[in-house]
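J.: So the protein lines, in turn, are chains A and B.
Its first residue numbered 1, the first sequence is counted upward by one per residue in full-length UniProt numbering.
Its first residue numbered 1, the second sequence is counted upward by one per residue in full-length UniProt numbering.
These are calculated hints, taken from the structure and not from any lab test.
These numbers come from a predicted model, not from an experiment.
Cβ atoms here follow ideal geometry from the backbone N, Cα and C, with glycine treated the same way.
Hints may be right or wrong, so weigh each one.
[Unchecked claim] One-sided and incomplete, this derived list gives chain B residues near chain A with beta-carbon spacing under 10 Å:
(1) Pro47
(2) Ser49
(3) Lys109
(4) Phe113
(5) Ser122
(6) Ala129
(7) Ala166
(8) Leu213
(9) Ser229
(10) Tyr236
(11) Ser252
(12) Asp268
One letter stands for each residue in the lines below.
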Amino acid sequence: MALFLLQRLAVLAATLVVASLVVFAVMEILPGDAAETMLGPTATPEAVAALSHKLGLDLPLSVRYARWIAGLARGDLGVSAAYGSAIAPLIGASLLVSLPLAAMAMALAAAIALAAGVYAADRRGRAGDAAVMGLTQIGLAVPNFWLAILMVIVFAVTLRLVPAGGFPGWGDPARAVAALILPAIALGVAQAAILTRVTRSALLEALNEDYMRTARAKGLSRRAALWRHALPNALVPVLTIMGLQFANLIAGAIVVENVFVLPGLGRLMLQSISNRDTLVVEDGVMLIAVLVIGLNFLVDVACAAIDPRLRQRAA
Amino acid sequence: MRVLLRGNFSLWLGAVLTGALLLMAAVSLVWTPYPPAAIDIPHKLAPPSLAHWFGADALGRDVASQILAGSRVSILVGVVAVGIGLLFGVALGLFAAFRKGVAEDAIMKACDFVFAFPALLSAIMLTSAFGPGVVNAIVAIGVANVPIIAKLTRATANSALAREYALAARASGRGPVAIAFDHVLPNIAPALIVQATIQFAIAILAEAALSYLGLGAQPPQPSWGRMLSDAQTVLYNAPRLAIYPGAAIALSVLGLNLLGDGLRDALDPKLRARRS
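Okay, chain A solo, but in the shape it has when bound:
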């Protein structure tokens, strides 16, 4: 396990370095002179030079990259051009909305997927299986932001049960969680559809294995064998897909936050795009990449902990 961890850590570090280089290249090198873009076409060369100097844009690329990374490591994300304040607290506050939203959506998706996946696999080829698979097709096809708008129409516009959007803050936890329920459903449904399909097919594969025959032969009931032997074995692909889907979940959160006017990371980044506040977007994208890469690292380690064969294969 130690060797496996060491190998995975090395890959993690290398991946993070490459990710930071890509983000830096797309945001800072490709677009040309950021100061010129910020000041517009009417700016005098002196003003552009002054702003370039103030933003440190006149420094060599390697120095700028090193400063950015050193700042990230210290938790100093720089200063927002639009808000005139430090970026770290802005992003920190937005994460207090986005992370709980993503966690609620993932929990919802996992709960639905486990129940529906087991149900469908247990009834393979019968009406219940077909119904679940049909529903997953619909779950995959409905865009999360449309589902979000439809829920606003039903629950806010027609029934007037909940406000159409906004976030009351964590001072009132009950209302804060309530404000995240519809967004979490909108975000979780597509993930639930994907995970249900993965759970079902992983279970069907596990059900065909020799150890299942052994379990039945030693007298376990079909259902007991399914829960005790097939499901733990099916969890590795499910966990892996959950990890891979996390990136899409965060991307989806950006859109859904916008429907419900939630002050999350996605909304902050979109506002920063219209404010031409490039550094906020750069930090935000990098943070999401770190979260995604870090989570997939944890999933790899978790899978290796569940299934010793994965450790040996890597070593």
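Got chain A; can you put chain B on it based on the hints?
T.: Then chain B, alone, in the frame of chain A:
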């Protein structure tokens, strides 16, 4: 073709829905009830009628015309983004399968890496750096498609290369390019077609999300995603405006996904043998 379609409900429904999407785009090229971008304030928020089948939006634009014309952006983005994915993905995947060793490892590691940047995130980055527009959306979605196609190509090409016909071709002295085109590609094409269909669906969803956020198609070009964000501003007065474009997206995506699933069943001889 008859054998292909027999008893395959997914393929039927998928083909009909996808055909309808393509037909809409084709019709919109020569005819829409009104010019899709024509503003007509006196008829703003007009309810559905014979003159305006789906009513008119907050600026009096005919919704049916916009739905028809909006299919074009979806198809354009889907075709080009999937094209980018196939072009680079197949090339990288084949290269990895033929070269093996370090090249294969490096390409596969790079593919895993790109998964960390979903299309929407890349598009946000590109838009922030270069400004919004359809081209950035296409590039972002296309780049996200490359690793998916590359991984599939490598996996299927590896198993094709291990078969007797590929070994025989190699033994008879044929070069890798000839083997790739004559023996590997024809054998992995079904898997690629199925995946391309599903990526097409994902591209339509991504384009709609980007246009909804204002990062994709720009006015006056009609797009389903932007229609939804326009509809959201008049949700209390005319919630119906949010129904049509969303339904158009969902039905298109459903059609392509079903078509992909149906094609997989139809093109996989093992599954077909089991059914008949």
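J.: Next step is simple, just say for each hint if it's right about the structure.
T.: Outcome of the hint check:
{"no.": "1", "hint": "Pro47", "result": "16 Å, violated"}
{"no.": "2", "hint": "Ser49", "result": "22 Å, violated"}
{"no.": "3", "hint": "Lys109", "result": "8 Å, holds"}
{"no.": "4", "hint": "Phe113", "result": "6 Å, holds"}
{"no.": "5", "hint": "Ser122", "result": "8 Å, holds"}
{"no.": "6", "hint": "Ala129", "result": "4 Å, holds"}
{"no.": "7", "hint": "Ala166", "result": "26 Å, violated"}
{"no.": "8", "hint": "Leu213", "result": "6 Å, holds"}
{"no.": "9", "hint": "Ser229", "result": "8 Å, holds"}
{"no.": "10", "hint": "Tyr236", "result": "6 Å, holds"}
{"no.": "11", "hint": "Ser252", "result": "8 Å, holds"}
{"no.": "12", "hint": "Asp268", "result": "14 Å, violated"}
The earlier numbered hints that this structure contradicts are 1, 2, 7 and 12.
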